[in-house]
Amino acid sequence: MRLMTEVNGKQYDVDISPNMRLIEFLRDELGLTGTKEGCGEGECGACTIIIDEVAVNSCMMLAHQIRDKKVMTIEALESDGELDQLQKSFIAKGAVQCGFCTPGMLMSAKALFMRDSDPDDISIKKALEGNLCRCTGYNKIIDAVQDAASQIKEL
Amino acid sequence: MCMNLLTPDTLVELQSCLDHAHDDVSFISGGTDMILKFRETGFCQTTVVDLSGVSELKYIEEKEDEVVIGALTTLSTIVYSELLKDRAPMLCSAADQVGSTQIRNAATIGGNVANAFAGADLIPPLVALDATIDTLGKNGSVRSLSIGDFLIGNRKNALLPGEVVSQVRFKKQKGVQYFGKIGSRSRVTISKLNMAAFIEIEDSLVKSARVAFGALGSTAFLSDMTQAYLIGKRADTLDFSELSAVMTQQVDEAIPTRQSRIYKRDAVRSLAADLREMIQKDSEV
Chain A
0 MRLMTEVNGK QYDVDISPNM RLIEFLRDEL GLTGTKEGCG EGECGACTII
50 IDEVAVNSCM MLAHQIRDKK VMTIEALESD GELDQLQKSF IAKGAVQCGF
100 CTPGMLMSAK ALFMRDSDPD DISIKKALEG NLCRCTGYNK IIDAVQDAAS
150 QIKEL
Chain B
0 MCMNLLTPDT LVELQSCLDH AHDDVSFISG GTDMILKFRE TGFCQTTVVD
50 LSGVSELKYI EEKEDEVVIG ALTTLSTIVY SELLKDRAPM LCSAADQVGS
100 TQIRNAATIG GNVANAFAGA DLIPPLVALD ATIDTLGKNG SVRSLSIGDF
150 LIGNRKNALL PGEVVSQVRF KKQKGVQYFG KIGSRSRVTI SKLNMAAFIE
200 IEDSLVKSAR VAFGALGSTA FLSDMTQAYL IGKRADTLDF SELSAVMTQQ
250 VDEAIPTRQS RIYKRDAVRS LAADLREMIQ KDSEV
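From first to last, the protein sequence lines are chains A and B.
Heads up, the first sequence is in numbering that gives the first Met the number 0, so the first residue is 0 and it goes up one at a time.
Heads up, the second sequence is in numbering that gives the first Met the number 0, so the first residue is 0 and it goes up one at a time.
Check the hints yourself; a few may be wrong.
Derived EDC-like pairs (lysine to aspartate or glutamate); straight-line CA-CA distance at most 20 Å [stated by the list, open to error]:
no. : chain 1 : residue 1 : chain 2 : residue 2
1   : B       : LYS191    : A       : ASP67
2   : B       : LYS173    : B       : GLU283
3   : B       : LYS57     : A       : GLU40
4   : A       : LYS68     : B       : GLU55
Think of the hints as simulated: they come from the structure by calculation, not from any bench.
Hey, can you work out the whole structure from these sequences and the hints?
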């Protein structure tokens, strides 16, 4: 079944199975393996991506549901070798431990910044409420998002 | 290939899908419930109609004396709707407490209602608002069902095969609105008990009350005994121990043999406390 879509600024016109989930399309068809599958049922948020500027779980959608939409995955955060401010802050604040939840955390935070460039603590926690960190490094993750917000503000 | 996927992008295209649908057709929109269901069958549903492209069913509007919400409106849209914050704050509050940001960005009001889960959070507010569910079926047939008639059991609705929810509507009404839920954690949790209340206060007295419980049996229901207790009471001096005793009795009556009764008869006391505070606060204004 034909699917036309845009992922990370690139147009795709592909023939894929109707029952393929979005995460399988991203990882197995496009090779965008930055997006992770954790629980597969919407609890952990490791599969978080951004569709038309809002964060969603890519494990809970069919690939064909992104027809005519704009998808952004973790691979698009960095551009021309320059990391996104969120990525820089995650590194600076030691917010990455095993790293499995990190792409999802970054995409949830990125989606938050798209609608609120100066979020307060509650907004940050709410934006990340659907992302679990099995290493339990939540404080540093929240610090990193706060840091990114203030760095962006200074620019 | 073991799934025939149809992807209508307009109401006209959707109608054509419905007209040709076999009885075993299923529908997906946000996918937050359906993907889990598809997984049980190894993604081998015969025909699936993806509703998510039908943007004509995404709206929140005021029409004469009613508020009308298109079935494909996401829970996030409901949370941030200024119209609903004003007209149905308990619905916004319920939507805000469903799942996570990612879930709310995908899940729809039509899906929450059609899934008819006993602990669904949007259902008690819709019961308390006496909402009507409009459906769309074969050959343009439309039906309007009261939310009570629409819900027939846990995960069972009154939709005919090949019929979908098109919109949810309710009368504009003035009153105190409250939604509360108890789960195993404060956020991203499935309700173990939830409750919505719509209370009208006149001259400091409770004039009318519609109090709906969810996750207390197979479908959400109006609690006659809680309503009867509240009506006629002074709003500013509502007695907590009496109110919580009535609500505890309601739990006992609704699920007399369930093991969870012990937990829920305790849990309901905190909903009683919140409801009382809400009613009192309103009477001070």
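Structure-based check of all given hints:
{"no.": "1", "hint": "B:LYS191 to A:ASP67", "verdict": "violated, 39 Å"}
{"no.": "2", "hint": "B:LYS173 to B:GLU283", "verdict": "holds, 16 Å"}
{"no.": "3", "hint": "B:LYS57 to A:GLU40", "verdict": "violated, 25 Å"}
{"no.": "4", "hint": "A:LYS68 to B:GLU55", "verdict": "holds, 17 Å"}
Consistency with the previously given hints fails for numbers 1, 3, ordered from lowest to highest.
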